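Engineer: On the provided structure of chain A, position chain B as indicated by the hints.
As they're listed, the protein sequences go chains A and B. According to our numbering, the first sequence holds residues 1 to 651 in order. According to our numbering, the second sequence holds residues 1001 to 1331 in order.
Please note that the accuracy of each hint is not assured.
Stated by the list, open to error - Chain A residues, not near chain B, derived (Cβ > 12 Å throughout):
#	residue
1	Lys13
2	Asp39
3	Cys91
4	Asp110
5	Lys118
6	Thr121
7	Glu163
8	Phe176
9	Leu434
10	Val515
11	Ala519
What the hints assert, rightly or not - Derived EDC-like pairs: lysine to aspartate or glutamate, alpha-carbon spacing no greater than 20 Å straight-line:
#	chain 1	residue 1	chain 2	residue 2
12	B	Lys1116	A	Glu381
13	A	Lys109	A	Glu276
14	A	Lys539	A	Asp487
15	B	Lys1329	A	Glu444
16	A	Lys448	B	Asp1327
17	B	Lys1142	A	Asp340
18	B	Lys1009	B	Glu1069
19	A	Lys420	B	Asp1159
20	A	Lys376	B	Glu1124
21	A	Lys432	B	Glu1193
22	B	Lys1270	A	Glu380
23	A	Lys112	A	Glu275
24	A	Lys472	B	Asp1052
25	A	Lys420	B	Glu1156
26	A	Lys472	B	Glu1156
27	B	Lys1116	A	Asp340
28	B	Lys1262	A	Glu276
29	B	Lys1116	A	Glu380
30	B	Lys1264	A	Glu276
31	A	Lys539	A	Asp620
32	A	Lys109	A	Asp225
33	A	Lys470	B	Asp1159
34	A	Lys556	A	Glu380
35	A	Lys590	A	Glu509
36	B	Lys1142	A	Asp186
37	A	Lys432	B	Glu1069
38	A	Lys34	B	Asp1257
39	A	Lys287	A	Glu331
40	A	Lys297	B	Glu1230
The hints are simulated quantities; they were obtained by calculation from the structure and are not laboratory data. Quantities reported herein were computed from a predicted structural model and do not represent experimental measurements. Glycine included, every Cβ here is placed at the ideal spot set by N, Cα and C.
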Amino acid sequence: MKIPLNWLKEYVKIPSSESDLTHKLSMVGHMLDKKEVVDGQTIIDLELRGNRADCYSILGIAREISALYNTPVKNPKTLPKLNIVSHISDCNLTVKTPLVKRVMMVVVKDVKIMPSPKWLTDRLKAYGVDPINNIVDLTNYVMIETGEPMHAFDLDKIGKNLEIRLAKNNEVITTFQDIKLTLTSDDLVWAGEDGIYSVAGAIGGRYHSIGDGTKNILVEAAGYDRANIRRTVHRHNLLTDAGIRHEKELDPNLVETAFGRFIYLIKENGWGKVEESVFDYYPKVVKPWKIKVSGQKIKNLGGVEIASTQIKKILKALNFQVVSFKKIFLEVLVPTYRTDVVVEEDVIEEILRIYGYDNIPVKTLSLEIPSVVTPKFIDEELSVKNQMVGLGFNEVISSTFVKEKLLNLNLLLDEGIAGKVELSNPPSPDNKTLRMTLLPNLFEFVEKIINERGVSASLFEVGKIYFKDKGKYIEKRKLGIISWNKDGLVFTKFKGLIDAFFLKNNIRELDFSSVALNAEVDQTFSISIDREIVGYGGKINDIYFCEIDLDAILEKVRPASVTLWPKYPPQIEDHNFVFPKKTKIGEVIKTITTEGPIIKRVDLVDVFKDTYTFRFIYQDSEKTLNDEEVGKVRNKILQKVKEKFGGQIKE
Amino acid sequence: MQEEIMSAKNQALAQITSAHDNTELEQIRIDLFGRNGKITDLLKRIKEVPGDQKQQIGILLNDTKKTLESLIAEQKNSFKENVREWFDPTIPGILPNIGNLHPTSVVINEMFEIFKHMGFSIMEGSEMETDIYNFEKLNLPKDHPARSLQDVLYIEEPDVLLRSHTSSVETRVLEKLKPPFRIVVAGKCYRYENVNASNNSMFYQFQGVALQKGLSMADLKGTLFYFAKEFFGHDRKIRFRCKYYPEVEPSAGLDLDCPFCKGKGCTVCKGRGWLEMLGAGMIHPNILKGFGYNTNEISGFAFGMGLDRIVMDRFKIKDIRSLYNGDIKYQ
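Just chain A, with the same shape it has in the complex:
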């Protein structure tokens, strides 16, 4: 809210240093947003606390300064006493809902509508409101000064019977800005025999507001249920000066303050004849409430010992009446405009705020250190990321949403029948559908690199996928790996990287099998460990990818281990085999390595046309193998490969 300092000075003495003022205000919760000088006068724009309805006024800020600098508030001149009645003859009001906390109305006759005098227009302009005419301007003036929005109807246009009620669905009002609003049954309105006159707490209607020809007016100010007004304000985008105040918890007693001030100013300026009787509807009078504060708690929460004399002084400066002050606890009466102070801790914050957050000590957390409760998967997720980085992959983080054009790739890489999750209020079609796999976004990223004339891409993402299964919303953590190379990436290279990732986790027994997945994807495969599928992969265009379920591999990860170089030399020999078409080489290797303990390792070292060169490594950790021992095993292997796969030795 903008505070012109000249205006503020009328109610409180401000320090000579403007920067000291704005610093102190910032420290107690009203941060300086901007400072500007307009026509030689300084205007400070404060970012106010959302719970301080009382501060949306010059007087509210004056009270804060009064407490901060220990200087009194000079309240503006007002009518000492209002003649309060429950019925006025010019206009009858029926309040039809408990959402209204208080209403005051007064009739002013023979008003002289004219442009406002300079002092008034200057003030409004400095605050940022356009002057209209003296009456409208005065209601705005009083609102800015006291914080209570006011509204004036043309008495001769509204008829004798007014009501405040909830609108009917689809009832319509045209606002004074000539905007047509279609209301709902949750919107509170002022209405009469011929329709709706204003949206309560937010905006006046076009046809019943005052204009140049207005002779008599009905001025009202009210207190409403904050939540209801807030819904209306946001439903119809009515963030008016009235709306932003009424959506906060305004003090119903403020209505009377504003009225006294308004009537005083009308009389003082001679702008009309104010009727003696002031209507007041106030079913539940709000009085200062009592809060008990434990002295120990002030110290415990604040982390600082504040002398009781100082506590008393602070509370008094804030207009909190200390009704009792004992060693164990104190009791205060909260001024009704402080609608934000409800519980003990609120009072403690008030004390600390004025005492100064700067004076709270900086303490090292010295209490007993709680036990570590970090779930294992969090540490492991970090280690997975580091392993991928070690393998030369760059980490990316992509959107939770899948763009519309990529939705054809957004299928769960799993046989499970699960539903996609969509937003019910998507900001755009590209931010609507949650990803069920990391693939679409990773794919898009790689395409981008290709378009940027990159030569290769090796990316990974550790992130969640989202879906709905049996009515439950499920999030799963996945590792997505994607790779592309300008010179053509072969499957064995990509698979080698996956193998390397698992080896880093000490997992050796991987099974790759062909599976049917999304039709958009070629060369689809599954990865399993101990017969449990832990991931899927495939190829789109020239891009290889796979997605691994992090939760599934977590239990499989084994701690790092080492072996020593064997003392006895290995026997190494290469064999060339020719296999029939569609032979699974992985199966051949598996068969070979299960032929006895001395065959330690089999590597595929070369492929030329249909000839596969394997390197056999025989070794015994206890002794040097002789030709006879090796020969026995070799024969068994060659026999088995021939029987099982039809593999012929080629010399």
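Structural biologist: Using the frame of chain A, we list chain B on its own:
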């Protein structure tokens, strides 16, 4: 004389074996066998030797001469064999793929490390949340004014949503863990935003919660100051001030001096001289009571901050969208 020969021999042997190149060897050869060389000189003086020793000294001197000559030749040869191939160390190397962590991960990891020093554990929570855990249990009932700052992305209005802040993990943790505990969380949050260079509908937050008997604003201040100094640098000025968040009471905010103008006021800090870094405070009694705690016996603090701006500052990225749309080019 025998001694003289032996001493000349040993000295020469040492010189020859430690010679570095042919020039040096040639000099040694001249010093030994040249016109005034040591060995030449000794050979000249052999006539001075008494007759009965002449033969013996003669043999010794000849042997010494032969030994030294062949050693010099050998050494010369070895220099020839050792001529190294010319090589160019300035030729570019062939790089393997070099992997890097995402900037956001880098920042999160650093923050985690700092908080681990202070006894914090790391937590995580669901992004698809309910209104109850994202708002209600955080002292943010329906129609609370503070809710208007957080326009929510709904999956099923009004109950199932994408969490609008990591405070949702706070409610989950308060429900699940037994005090004392200290935890930090980093993760994705979502809001309905008009997407531009500084706002995205998906963003990262970093959150901390501690619940322990005796925790006070002084502990909170100490924790945040330690973090801010470790993370942002010991030379930065810190401002700890009153602020409003419905989830905490008393509430606080932490600002850092603007690094661009050093607190004088510039366009980056909108003339304030300060940049708002995080929000914090003592967990609101309504929240603690909601989880069955007696607020006279236990207290806690919580803090939260947006991560993306910190990441963007660190990595000199101007548009929040480039963090998560594949625009980042590593090295």
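Engineer: All the hints need checking, so say for each whether the structure fits it.
Structural biologist: Tested hints:
| no. | hint | verdict |
| --- | --- | --- |
| 1 | Lys13 | 22 Å, holds |
| 2 | Asp39 | 19 Å, holds |
| 3 | Cys91 | 31 Å, holds |
| 4 | Asp110 | 41 Å, holds |
| 5 | Lys118 | 30 Å, holds |
| 6 | Thr121 | 28 Å, holds |
| 7 | Glu163 | 24 Å, holds |
| 8 | Phe176 | 24 Å, holds |
| 9 | Leu434 | 8 Å, violated |
| 10 | Val515 | 28 Å, holds |
| 11 | Ala519 | 25 Å, holds |
| 12 | Lys1116(B) / Glu381(A) | 17 Å, holds |
| 13 | Lys109(A) / Glu276(A) | 11 Å, holds |
| 14 | Lys539(A) / Asp487(A) | 16 Å, holds |
| 15 | Lys1329(B) / Glu444(A) | 15 Å, holds |
| 16 | Lys448(A) / Asp1327(B) | 8 Å, holds |
| 17 | Lys1142(B) / Asp340(A) | 17 Å, holds |
| 18 | Lys1009(B) / Glu1069(B) | 11 Å, holds |
| 19 | Lys420(A) / Asp1159(B) | 18 Å, holds |
| 20 | Lys376(A) / Glu1124(B) | 11 Å, holds |
| 21 | Lys432(A) / Glu1193(B) | 13 Å, holds |
| 22 | Lys1270(B) / Glu380(A) | 42 Å, violated |
| 23 | Lys112(A) / Glu275(A) | 15 Å, holds |
| 24 | Lys472(A) / Asp1052(B) | 117 Å, violated |
| 25 | Lys420(A) / Glu1156(B) | 13 Å, holds |
| 26 | Lys472(A) / Glu1156(B) | 12 Å, holds |
| 27 | Lys1116(B) / Asp340(A) | 36 Å, violated |
| 28 | Lys1262(B) / Glu276(A) | 60 Å, violated |
| 29 | Lys1116(B) / Glu380(A) | 16 Å, holds |
| 30 | Lys1264(B) / Glu276(A) | 55 Å, violated |
| 31 | Lys539(A) / Asp620(A) | 41 Å, violated |
| 32 | Lys109(A) / Asp225(A) | 31 Å, violated |
| 33 | Lys470(A) / Asp1159(B) | 18 Å, holds |
| 34 | Lys556(A) / Glu380(A) | 12 Å, holds |
| 35 | Lys590(A) / Glu509(A) | 10 Å, holds |
| 36 | Lys1142(B) / Asp186(A) | 15 Å, holds |
| 37 | Lys432(A) / Glu1069(B) | 92 Å, violated |
| 38 | Lys34(A) / Asp1257(B) | 16 Å, holds |
| 39 | Lys287(A) / Glu331(A) | 15 Å, holds |
| 40 | Lys297(A) / Glu1230(B) | 31 Å, violated |
In the structure shown, a violation is registered for the earlier hints numbered 9, 22, 24, 27, 28, 30, 31, 32, 37, 40, in ascending order.
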